[in-house]
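Participant: Sequence:
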Amino acid sequence: MSPLSRILDRYRNLLVPPPARGANVCTTCRRSTEGYERCWQCNQHFRHYGNQLAYVLATFLSRHETCWGVLDLVTVVPSSQGRTSPLVDALGRRITRTRGRFAELLVSRCENDRRMRPDCYEVLTEVEGRSVLLVDDTWTSGASLQSAAVALKRSGAVRVVGLVIGRHLDRPAPAAPAAFDWDTCVLCQQV
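Every position in the sequence shown, counted from 1, becomes a number in the numbering used here once 12 is added.
By construction, these hints were calculated from the structure, which means they are not laboratory data.
Treat the numbers as computed from the prediction; the structure is a model and nothing was measured.
Glycine is no exception: its CB is placed at the ideal position from the N, C-alpha and C atoms.
Just so you know, nobody snuck in bad clues.
Label-pair distances were calculated between CB atoms; the ranges are:
1. LEU26 with GLN201: 52 to 62 Å
2. ARG109 with THR152: 22 to 32 Å
3. TRP194 with GLU123: 31 to 41 Å
4. THR152 with VAL119: 12 to 22 Å
5. ARG33 with THR152: 21 to 31 Å
6. ASN25 with GLN64: 37 to 47 Å
7. ARG109 with HIS60: 14 to 24 Å
8. LYS165 with ARG18: 45 to 55 Å
9. GLY94 with ASN55: 16 to 26 Å
10. TRP194 with LEU16: 48 to 58 Å
Using the sequences provided together with the hints, build the complete structure.
Facilitator: Right, dumping it as structure tokens:
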């Protein structure tokens, strides 16, 4: 038996695989929930940060959704790990202006490897002739949002507008960045 095999064998009885998704399993951490959607701890985080996320999104959308024109549907870029995003709750339940238009339009079929892969997204609902607001939690490489947008366009969406909550910058921020202004979006800045 190789040294690596001996090490792995020692952990075989210690490591436990996470339970499969189901009615008694937390959608976030996969801990037992006795029938609830999330375990107590994840639900506390979800409620606290979900409210804050909803406030930020609602404020931004109230000031800038008109910059993009009329959007028929609102959806999120799905997690490649099968987790339910707090964005689903915020856009589908908490924010009045998006609640009636929200639908989980996409499912991810691949791991996120930060490459452009539109075939990794399956469109679940008819989008032919519709315009879609596609919301993602973080922009690192842009591959997830762009791949999801291409999948929607290939399925007939006439317009897809991407909105990202946070952005990961590879380089240090500029020495004196401009202060954030709730009244200005990237479209408002265009001259």
